[in-house]
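Based on the sequences and whatever the hints tell you, model everything.
2 protein chains.
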Amino acid sequence: MANIVIVEDDIFLREELQNILQKEGYSVVSISSFDTPIEDILAAKPGLILLDLNLPSISGFQICRTLKMKGIGPILILTARNQIRDELHALELGADDFLTKPCHPKRLIARVQKLQQLYAKMPMFLNWGNFQLDLKRNELYIAHNSLSLSENEGAIMKLLIQHAPAVVEKEQLFHELWGSSEFVDENILQVNMTRLRKTLDKVGMSHHIKTVRGIGYQLIGSESP
Amino acid sequence: MANIVIVEDDIFLREELQNILQKEGYSVVSISSFDTPIEDILAAKPGLILLDLNLPSISGFQICRTLKMKGIGPILILTARNQIRDELHALELGADDFLTKPCHPKRLIARVQKLQQLYAKMPMFLNWGNFQLDLKRNELYIAHNSLSLSENEGAIMKLLIQHAPAVVEKEQLFHELWGSSEFVDENILQVNMTRLRKTLDKVGMSHHIKTVRGIGYQLIGSESP
DNA sequence: TCAAACCTTACGTCAACTGTAAGAGTAATT
DNA sequence: AATTACTCTTACAGTTGACGTAAGGTTTGA
Numbered sequence: 001m002a003n004i005v006i007v008e009d010d011i012f013l014r015e016e017l018q019n020i021l022q023k024e025g026y027s028v029v030s031i032s033s034f035d036t037p038i039e040d041i042l043a044a045k046p047g048l049i050l051l052d053l054n055l056p057s058i059s060g061f062q063i064c065r066t067l068k069m070k071g072i073g074p075i076l077i078l079t080a081r082n083q084i085r086d087e088l089h090a091l092e093l094g095a096d097d098f099l100t101k102p103c104h105p106k107r108l109i110a111r112v113q114k115l116q117q118l119y120a121k122m123p124m125f126l127n128w129g130n131f132q133l134d135l136k137r138n139e140l141y142i143a144h145n146s147l148s149l150s151e152n153e154g155a156i157m158k159l160l161i162q163h164a165p166a167v168v169e170k171e172q173l174f175h176e177l178w179g180s181s182e183f184v185d186e187n188i189l190q191v192n193m194t195r196l197r198k199t200l201d202k203v204g205m206s207h208h209i210k211t212v213r214g215i216g217y218q219l220i221g222s223e224s225p
Numbered sequence: 001m002a003n004i005v006i007v008e009d010d011i012f013l014r015e016e017l018q019n020i021l022q023k024e025g026y027s028v029v030s031i032s033s034f035d036t037p038i039e040d041i042l043a044a045k046p047g048l049i050l051l052d053l054n055l056p057s058i059s060g061f062q063i064c065r066t067l068k069m070k071g072i073g074p075i076l077i078l079t080a081r082n083q084i085r086d087e088l089h090a091l092e093l094g095a096d097d098f099l100t101k102p103c104h105p106k107r108l109i110a111r112v113q114k115l116q117q118l119y120a121k122m123p124m125f126l127n128w129g130n131f132q133l134d135l136k137r138n139e140l141y142i143a144h145n146s147l148s149l150s151e152n153e154g155a156i157m158k159l160l161i162q163h164a165p166a167v168v169e170k171e172q173l174f175h176e177l178w179g180s181s182e183f184v185d186e187n188i189l190q191v192n193m194t195r196l197r198k199t200l201d202k203v204g205m206s207h208h209i210k211t212v213r214g215i216g217y218q219l220i221g222s223e224s225p
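If you're matching them up, the sequences are chains B and W in order.
The letter at position 38 of the first sequence is residue 38 when you use the working numbering, and the numbering goes up by one with no holes.
The letter at position 129 of the second sequence is residue 129 when you use the working numbering, and the numbering goes up by one with no holes.
Be aware that a few hints might be false.
[Unchecked claim] List time: in silico DSS-like cross-link candidates among lysine-lysine, alpha-carbon distance up to 25 Å: (1) W:Lys121 <-> B:Lys136; (2) W:Lys70 <-> B:Lys121; (3) B:Lys136 <-> W:Lys101; (4) W:Lys136 <-> B:Lys158; (5) B:Lys23 <-> B:Lys45; (6) B:Lys70 <-> W:Lys198; (7) W:Lys121 <-> W:Lys70; (8) B:Lys121 <-> W:Lys136; (9) W:Lys170 <-> W:Lys158; (10) B:Lys170 <-> B:Lys70; (11) W:Lys136 <-> B:Lys202; (12) B:Lys106 <-> W:Lys68; (13) B:Lys106 <-> W:Lys101; (14) W:Lys121 <-> B:Lys68; (15) W:Lys170 <-> B:Lys136; (16) W:Lys121 <-> B:Lys45; (17) W:Lys45 <-> B:Lys121; (18) B:Lys121 <-> W:Lys170; (19) W:Lys101 <-> B:Lys121; (20) W:Lys70 <-> W:Lys170; (21) W:Lys23 <-> W:Lys68.
If you are wondering where the hints come from, they were derived from the structure by calculation, not from laboratory data.
The structure displayed is predicted, hence computed values, not measured ones.
What follows is the structure, encoded as structure tokens:
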């Protein structure tokens, strides 16, 4: 079952939470050092994040915002601060639920389950400018149009969007699509780029992919050259 | 902006809620007669339902369950009953959030907004019992498993779930899948039913489709024969 | 101008989905 | 038990879309 990452500085409470969740069958990772919490959270591959607001070095709000910008979630805030403005602020930053301590274990479990069910069924979107890519369906939304991409087209588009507006190196495209650049004809990438461009042309958007000679490809914004 | 439907029997509270939401720019419909609440809610084309639990004729739980089975939502429970078991029960029935009265207006608004944002991105689901069908992707969720269905399998499953636990007539399946039953070999339906059953068998669920000799097919619950 | 880098098109393979055909199995009725 | 209508299963073939390969053309920049 997916990792639940606990971000809580009170040792006693942390272990209690860990017990509750583990009894329920979840695998739990606790963040105990708060020097680089965001990196630590990402490293744990969180399936859900249980986040306190009062933390030593960095605020829970800050963590929440940073994670949400990367599309990480779900995030459940669990805090002793029961001010309504904290709740509003957290929800505004993208937190998915907000519970106050003390919290009944069963309520916690129920909310955790709810969020996990929700996220399992939610589409995963990747955004940049006018481009929005549904990663599960390889459906690309541009302005008010939408396109169905093939596997390969989706994978390329994913990299382009993730790095936009920077250049994606050919090496990286090879690595992502074919495992490595060894034993693969360089031409195959060109063919797939042509195909992607042809697909984008259905909505007149192929010029958004720019070739960077000798390096790779790049997604460019709507401010045309 | 989308309709919010208030289901609350206390007149005073109802009008207060209505004021709060309307000030925020929502269009609101209140259910004031509780003879046929479910029909009334459906008729109002709800974009979100604000549901009390203690109601005159029928319980909020019952309404919640019925609506969720039809894939209607989001549903926000707002009740004076602050027992944890009510919350657990409501969430189990598919409620999307649970707030207790008295509730700070800003909290209510924040939660309402959150749910609406969420649902805007959500796929369209069709529910019955353990079965949940993602209509856009033809992805079928059963308990904790999921299956990818083909076009035809998805179309059949859609009809079965929509009518469950009633029998779906062969005529209707023909009509939906092939336009009419004219000029189509009856066998084609049988073949597709076999294929759907084989797919369901991957998670041991094929026995949930029952043949009704001479009439059609039917989805049956987990209370095995 | 010329060579490296890039683009395009055509072709063959493969897998998934679908409908057809033929025969086997099953249940209700006599 | 035999009959008959209804249903199930399996195998086969056509279609489609995605993909990689190959071959030749085009562009770019020194």
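How the hints compare with the structure:
| no. | hint | verdict |
| --- | --- | --- |
| 1 | W:Lys121 <-> B:Lys136 | 13 Å, holds |
| 2 | W:Lys70 <-> B:Lys121 | 17 Å, holds |
| 3 | B:Lys136 <-> W:Lys101 | 39 Å, violated |
| 4 | W:Lys136 <-> B:Lys158 | 21 Å, holds |
| 5 | B:Lys23 <-> B:Lys45 | 21 Å, holds |
| 6 | B:Lys70 <-> W:Lys198 | 40 Å, violated |
| 7 | W:Lys121 <-> W:Lys70 | 18 Å, holds |
| 8 | B:Lys121 <-> W:Lys136 | 12 Å, holds |
| 9 | W:Lys170 <-> W:Lys158 | 14 Å, holds |
| 10 | B:Lys170 <-> B:Lys70 | 24 Å, holds |
| 11 | W:Lys136 <-> B:Lys202 | 22 Å, holds |
| 12 | B:Lys106 <-> W:Lys68 | 22 Å, holds |
| 13 | B:Lys106 <-> W:Lys101 | 20 Å, holds |
| 14 | W:Lys121 <-> B:Lys68 | 16 Å, holds |
| 15 | W:Lys170 <-> B:Lys136 | 34 Å, violated |
| 16 | W:Lys121 <-> B:Lys45 | 24 Å, holds |
| 17 | W:Lys45 <-> B:Lys121 | 23 Å, holds |
| 18 | B:Lys121 <-> W:Lys170 | 31 Å, violated |
| 19 | W:Lys101 <-> B:Lys121 | 30 Å, violated |
| 20 | W:Lys70 <-> W:Lys170 | 22 Å, holds |
| 21 | W:Lys23 <-> W:Lys68 | 28 Å, violated |
Checked against the numbered hints above, the structure breaks hints 3, 6, 15, 18, 19 and 21 and satisfies the rest.
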